[in-house]
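Peer 1: Listed here are the chains, written in short residue letters.
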Amino acid sequence: MIPAPFDYYRPNDMAGVLALLSEHGDDARVMAGGHSLIPMMKLRMADVPHLIDLQDVEGLSGITVADGSVRIGAMTTQAEIIDHAGLTQVAPIMKEAALQIADPQVRYMGTVGGNVANGDPGNDMPGLMQCLDAHFTLVGKDGERTVAARAFYEAAYMTARTDEEVLTAVTFRATSGGYAYEKQKRKIGDYATAAAAVLITKEGGTCTAASIAMTNLSDVPVFSADAGAALVGSSVDDEAIKAAKEAMLGDIDPSEDNRGPVAFKRHVAGVILARAITRAWSRA
Amino acid sequence: MSKKMHITLTVNGKEEEFLAEPRELLIYTLRERLNITGPHIGCETSHCGACTVTLNGKSVKSCTMFVAQANGAEVTTIEGMGGPDALHPLQEAFKEHHGLQCGYCTPGMITRAAKLLEENPNPTEEDVRFGIAGNLCRCTGYQNIVKSILAAAATMNAAKEAAE
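Quick mapping for you: the protein sequence lines, in order, are chains A and B. Numbering-wise (the working numbering), the first sequence opens with residue 1 and increments by one. Numbering-wise (the working numbering), the second sequence opens with residue 1001 and increments by one.
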């Protein structure tokens, strides 16, 4: 499998990246770990005449936890997320989700930035970012701007990022209460048939807040405000979980593919969400 | 054809310099340019792990890396771990415990296992299975591979203790 030829660039600062993007426009793409882009280039489904490798760009990786907020540089790998004790302390759902992405070799290379910026509905981090109400930092020639993850995804591979912008970081508040990332996949390395990210807080046996998002069940990650609302004020009993499932099913829009027909995916989505809620509640 | 790049790689401790198109995949560089044929081409789609090498301290699938990305890197393949006269404890354990049948996945399996044991010298069976999840074997059912890696861990730990 030989990809089409391309010119390769490895700038060491963001100014260099932006200059190349502005010079080559649509013909240029930035690459983080490359584990979404390279397979597509090998299949010649992605044509990238000018490939900009971000590996040497200063300041794009690393995890900062301060004052109850978390910043993860775009080039931070899934392996680094898993190994970061400080992050696991304030947002354990990140590690739980990252461990379910691909396999060890891919996690050494695959990055948070690539995962969220690519816009592939199969990627896990976009759904998780909905659940966390994260924000994405985008840098372009006119400077920096911040976009809420919940407003970022427009359609499959279509996001609020323009061609001349680079996603440089994700930020979110430290989590409290219970958490779970539950994923059904056919095999290691496959995308989810259905996955659910759940954060729940509990006070005196009652759910006081819940955030629920789903992965690979629409052409964009799905934040289901109604599913979360269905749990609030309840003791997260069977009836409340059923109501959350019903609400979630109203928000997803899966399509048939080699992971199964629509009815099956809706069934799996319900099972996975119920498991995620139950596990998150048990940790709350 | 795109412009060729000047590439420098350190492979198994030896410095290599050559001109290559940036699109050349690292597995082809190793096998066809440098005649290092330990890493194998299995699926060529980042799934099977037969092409696994260690690059700058990470286990990577060399079918999913352009040579341009690897420029300047240090690469270790199975050839850099041990040879017929001095087997690596993992190679010895795979031989002893029948950790292979056809042998096609073995170089990737052992290269990956070496990194796993470096990061976690005392893995449980579950740790081993999780840690080699990116390497597929179609012969063994994994039983003896897991057994081999656990045995190698014990040997390596004993050798380390003896040295201390």
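It should be emphasised that the hints constitute simulated quantities derived from the structure, not laboratory data. Don't be surprised by glycine CBs; every beta carbon is placed ideally from N, CA and C. Be a bit skeptical, because a hint or two may be false.
[Unchecked claim] Ranges between beta-carbon positions, derived for each pair:
id, chain 1, residue 1, chain 2, residue 2, range
1, A, 25, B, 1143, 51 to 61 Å
2, A, 25, B, 1125, 48 to 58 Å
3, A, 229, B, 1141, 43 to 53 Å
4, B, 1058, A, 45, 44 to 54 Å
5, B, 1103, A, 187, 36 to 46 Å
6, A, 25, B, 1058, 31 to 41 Å
7, B, 1155, A, 85, 51 to 61 Å
8, B, 1155, A, 67, 40 to 50 Å
9, A, 188, B, 1118, 46 to 56 Å
10, A, 235, B, 1082, 52 to 62 Å
11, B, 1142, A, 43, 42 to 52 Å
12, A, 99, B, 1122, 11 to 21 Å
[Stated by the list, open to error] These stretches of chain B come out as covered by chain A in the derived footprint (C-beta under 8 Å, 3 or more residues):
id, region
13, 1047–1060
14, 1077–1091
[Stated by the list, open to error] 20 Å max Cα-Cα, derived SDA-like pairs, lysine to any residue:
id, chain 1, residue 1, chain 2, residue 2
15, A, 42, B, 1004
16, A, 95, A, 283
17, B, 1058, A, 283
18, A, 187, B, 1004
19, A, 95, B, 1043
Peer 1: Can you name, in rising order, the numbers of the hints this structure does not satisfy?
Peer 2: Hints 4, 5, 7, 9, 11, 14, 17, 18 and 19 not satisfied by this model.
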